[in-house]
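Trainee: Sequence:
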Amino acid sequence: MDKEIALEVTAQKRRKAVLIVMIIISGLVLAVWILRGFIKSSINRSQITASAVVVGNIENTINATGEVLPEFEEVITSPINASIKNALLDAGNKLNVGQSIITLDKTATQTEYDKLNFQLESKRNEISKLKLDLDKSFYDIQSNNDIKQLHISNLADAVENAKRLYKAGGATRENIEQAELNLKVAQLEKKQLENEIKNKQQTMRIEIKEAEIAAAIQQSDLSALQRKLQLANIVATRKGVITYVNKNIGANIHEGETLARIADLGSFKVQGSISDNSVDQLHAGIPVIIRFNDNQLRGHVSNVSPSIQNSIISFDIQLDDRSSKLLRPNMKVDVFLITATHSKVMQVANGPAFKGSSLQDIFVINGSKAERRTVHIGLTNFDFVEIKDGVKPGDVVITSDMSEYKNSKEITIN
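Under this note's numbering, think of the first position of the sequence shown as 1, with each following residue one higher.
Worth double-checking, as some hints may not be accurate.
[To be verified] BS3-like mimics (lysine-lysine), calculated; alpha carbons at most 27 angstroms apart, straight line: (1) Lys198 - Lys131; (2) Lys94 - Lys325; (3) Lys94 - Lys239; (4) Lys198 - Lys115; (5) Lys115 - Lys228; (6) Lys209 - Lys131; (7) Lys148 - Lys209.
[To be verified] Derived Cβ-Cβ restraints for the label pairs, each shown as a range: (8) Ile249 - Thr339: 47 to 55 angstroms; (9) Leu326 - Leu30: 36 to 44 angstroms; (10) Ile249 - Pro329: 22 to 30 angstroms; (11) Asn233 - Glu121: 21 to 29 angstroms; (12) Glu207 - Gln142: 38 to 46 angstroms; (13) Asp133 - Lys184: 55 to 63 angstroms; (14) Lys184 - Glu126: 18 to 26 angstroms; (15) Asn277 - Lys332: 16 to 24 angstroms; (16) Leu165 - Asn144: 27 to 35 angstroms; (17) Asn96 - Asp135: 33 to 41 angstroms; (18) Glu121 - Gln142: 54 to 62 angstroms; (19) Ser122 - Asn144: 31 to 39 angstroms; (20) Asn303 - Lys332: 17 to 25 angstroms.
Note that these hints are calculated values from the structure, not bench results.
No residue lacks a Cβ here, since even glycine has one placed at the ideal position from N, Cα and C.
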């Protein structure tokens with residue numbers, strides 16, 4: 001019994017000792033945390049960047065990317081299947097209207113044109129022959145019809161003669177009936193012939209019409225091929241600069257394949273792209289800032305693509321200064337879409353100190369000290385951050401990353 005009590009007492013002492021150690025450690029941690037807030041940290045002035053609070057207008061922006069393109073660019077494609085004989089100009093050359101760019105080998109298409117032209121002439125001859133056959137058939141049948149009419153007249157006279165002879169006693173009743181029967185047969189044969197004439201004419205007219213339609217189709221194909229042969233003389237239809245030319249001499253090209261591009265480098269646009277996460281904020285007419293090489297231009301979204309590809313939305317930007325001399329084709333630029341604007345607000349230069357939260361701590365320089373203040377953040381863009389409260393115009397705010405001093409109330413600036 002004595003031994004069991006001793007073990008229980010020992011365990012109880014051990015638990016008490018552990019509890020005391022944990023309380024001491026927690027107290028030390030709490031003391032350190034409290035003391036850090038009152039420790040006056042220091043930093044060298046050369047290690048920080050700062051910006052004075054000013055009053056002005058600020059624009060909230062979302063970032064996108066863009067590429068400068070000629071506002072007007074003509075793509076010249078091959079109108080026929082051919083091969084490239086010669087490329088007369090290089091990319092970058094200026095063009096005048098009517099100036100040749102590429103020479104194509106049109107032999108195969110010219111042969112096809114000649115063949116189609118021959119078939120058309122054959123079809124026209126066929127139509128002429130059908131018309132002659134129609135005229136001849138009509139003449140022959142009409143002649144037969146006239147002969148039938150004469151025959152009917154004779155048979156009618158024979159009936160009258162048979163009747164007179166019957167009255168005179170020189171003929172029988174059977175003679176009259178036979179004459180009348182011959183007349184009726186002749187009359188039916190005439191009607192049959194007239195019906196044949198009508199059917200024959202209608203049939204031949206249909207055959208001629210079909211042949212004329214086929215000839216018209218061939219004429220249309222021939223005219224289209226002739227136009228393609230004319231377009232196969234690859235010349236400039238407007239003034240501009242060549243931005244691309246196919247110089248693969250001897251290469252076989254198919255109809256519709258790009259041969260050259262001609263651009264008017266006096267006017268540019270920007271094609272932008274942005275993640276589909278921003279689709280709700282993107283619409284035609286939204287103002288845009290374009291930045292490149294420390295230069296800035298403004299414009300607006302003129303068109304938004306209705307489709308999304310690989311989670312990316314494309315849109316076109318019309319520039320206020322389309323003819324800026326700073327722009328070059330295919331230049332990559334930064335695009336900032338302006339989603340909101342505030343006027344006459346306090347703002348400072350943007351920097352690493354601002355993390356995007358609407359409520360955050362900043363350091364304001366006051367003489368040789370920097371005091372921590374909690375402020376509300378408004379609109380932000382690439383250049384500036386709106387501060388709604390906690391500062392006043394003229395205050396100098398540290399814009400460097402100060403996360404290392406987040407627990408310091410005040411910092412000494414050396």
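Trainee: Taking each numbered hint in turn, which are not upheld by the structure, reported in ascending numerical order?
Mentor: 4, 7, 9, 12, 13, 14, 17, 18
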